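Student: Residues per chain are reported as follows:
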Amino acid sequence: MEPDVSARPDVRATIALAVRGLRATRGETPVLRGVDLDVATGEICALMGVSGAGKSTVLRAAAALQPFSAGSIVVDGFALQPGPVPPESQLKPLRRRVGFVFQAHSLFEHLTVMDNVTLAPVHAQGWTRERAREVAGALLETLGVAARSSAYPRQLSGGEAQRVAIARALALDPHLLLMDEPTSALDPARRGALGETLAALADQGRGLLIATHDVDFAQDHADRVAVLADGVLVEHGPARDVLANPTHAATKALLEA
Amino acid sequence: MTPLPRAAAVGAIVLIAACRATPADQTTRPPLRWGGDAEGGAPFVEADPADPSRVRGFDVEIAGMIARGLGRQPSFVQVAWASIGQSVDRGDFDIGLSGIEDRPELRERQSLTIPYFEFREVLAVRPADRDRFRTLADLAGRRVATLGSTAAYEILLAEQARSKLTPISYDDDVHPYTDLVAGRVDAVLLDHIIAERRLRALGGFVIQPQPVATGHYVGVLAKSNAALRDSVNAILRERMRDGSLEKTFRGWEVWDDAQAKYFQRVLADTGVAGRPAASKAGASALSYLPSLLRAAGITLVISCLSMALAVVFGIGIAAGRVYGSPVVRGALAVYVEVVRGTPVLLQLFVLYYGLSGVVRLPAFLAAVIGLGLNYAAYESEIYRAALEAIPRGQLEAARTLGLSERQTLRLVRGPQALRLALAPMTNDFVALLKDSSLVSVITVVELTKQTAIYAANIGSWVVPGILCAVVYLSLSLPLSRFARRLERRWSLT
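Protein chains in written order, with our numbering: chain A, -6 to 250; chain B, 1232 to 1724.
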């Protein structure tokens, strides 16, 4: 059932994430008021906006971590409906299609790096331990943290922890990778390295949706930028165009921040 | 059937003994304070059913006779039976009278009156065993119950070395007989007046006619109080002679021909009355060490098994309270509150004696289950708090990876919660190690009980107390160390 990297057809042209008319509330307060957004495979899309603009809500709704009240979300062919989050047993196909990298990494503190990465393949997908370790080893190697396989999360630097979190999210080879504020804890040099890593992931045929308010990072590494303000997308287009010639006040505010 | 209600009724008040002193006796002399244990019950000392603030019994009447003979008012002081000797030494009262047996150890430490009653140690057995268990020798390999800190217990301990019978010590003289009838023990060895009284009240067993030994009841005074002892002896002899004692004993239905012969012997030969055989006291502290270590082993085994039970049940309860339906959550919350809100002592009594009509648990098993289920309530609260302390991000990460809720609990939330729970768990285990001393109320002889027996025998708590504390510390300190090391290794941050 799991995707096979070598046998994957060319998916560059397909849509990894399609969001239509997305509405969500926090209590009685509307957070999203009709968001339309596509992420194609092979591209990095930066979802920008000031804190509280609703960036995380889009990501969390797409990962079925929180409900939404109207609209639709289709992830690599798997459709989520408005209303309460369905039980996990119905979300198995979604879990294989979406990887999520949390802002605070949320690595499992009691497990080694290797066990963090192999946990889902072994227990949620039923892979053999050998196969899971092989795949995890290759991922960690690619991300440059293979040497830390037997370390615990508390022993990692911020950059290492983030790369391990990416490896964990990629273990099931999802077509869509969601990242929440990946640069918030990185120094400038590390940001460049992260950008290269993400570009490589996109080149493998994945769609990346990255919530960020880091203008420099978006400018340097994103293919496309969508700016969220007051619950709607106010600006949308190729990164260089949007950030070089902002038309909306919210985008200008971001650039000045 | 538990002694609790009676203990509560008795213990709450300091009682003034019934007395009918003549006006001429009522002088300015201080009252004669005498100590006894009303929990021991009739015919010795018991709370008067008509007026529970007063006591009655033949020891009460004898105290009255002595006080009148001294021209003083009797004043009753309630004291735990096994502590009478040490209490009189402390000066809590002038004389102890409560069916106290004349024993060599006592004779060495205290001034004893002449014996005022001769009793026989008799065996009680179930009717079916009437022909099988006639003497102690017939009871090899069997469980024989008695009251702790008594001559009967000493006899059983001596017999244990010879015939491998198992002495079971109780804190009261009712439950040995109920447990005999219930089949938990095979015989009871106690004073014939206790045996006969329980036979009338309870039935279901027979008393073997051949006594195992004879013994005597005496009054006990501080060693330094020999002068008062001599006055008391004179009064007791006079009351034997004039029939007052006989009248009292008849009133309490404990007078018989053997008693009459004994009185004649005392009055004829003032020197030898009931002097016990050669003293075997003076056993060194070292001789108690093996039994203390054995008892420490029992304490450790009970604590470990109870803790294992508490951990398993505690995890189940915590999981039910975090993940269960509202009905399950409510039921478990009630369990936790009821168990935490009532004394573990009460729970042990109910489990062992209260339920004996439904399920007859062996004492050791009842102790493990009682402590285990009690501590499960506390452990469950620790685990519940620990489960709820795991950051939401960890659980969401598990969800995005496709782990089911059950897998998340087993692989992520549970293991992390266990690490958080380690320190409070260690704390609870150390507490359990000490709380396990409570199981002595259901006849399990563990470290504290063994120490109390030892202390009663040598008449001092100093050496036994220190030894006991050292053993408890040598159990709990390594445990705390081990837990600290584990905590460091498992540290999540």
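Keep in mind that the hints were calculated from the coordinates and are not lab data. None of the values given here were measured: they were computed from a predicted structure. Please note: incorrect hints may appear among the correct ones.
[To be verified] If you want a taste of the chain B side facing chain A, the calculated C-beta under 7 Å gives, among others:
(1) 1320
(2) 1434
(3) 1435
(4) 1438
(5) 1439
(6) 1440
(7) 1441
(8) 1638
(9) 1640
(10) 1645
[What the hints assert, rightly or not] Think about it this way: if two alpha-carbon atoms lie no more than 16 Å apart in a straight line, the pair counts; the simulated EDC-like pairs of lysine to aspartate or glutamate are:
(11) 245/A to 196/A
(12) 245/A to 223/A
(13) 85/A to 1636/B
(14) 245/A to 209/A
(15) 85/A to 1402/B
(16) 85/A to 207/A
Heads up, the beta-carbon is just placed ideally off N, CA and C, and yes, glycines get one too.
Student: Please write out, lowest number first, the hints stated earlier that are contradicted by the structure.
Tutor: 1, 2, 3, 4, 5, 6, 7, 9, 10, 11, 15, 16
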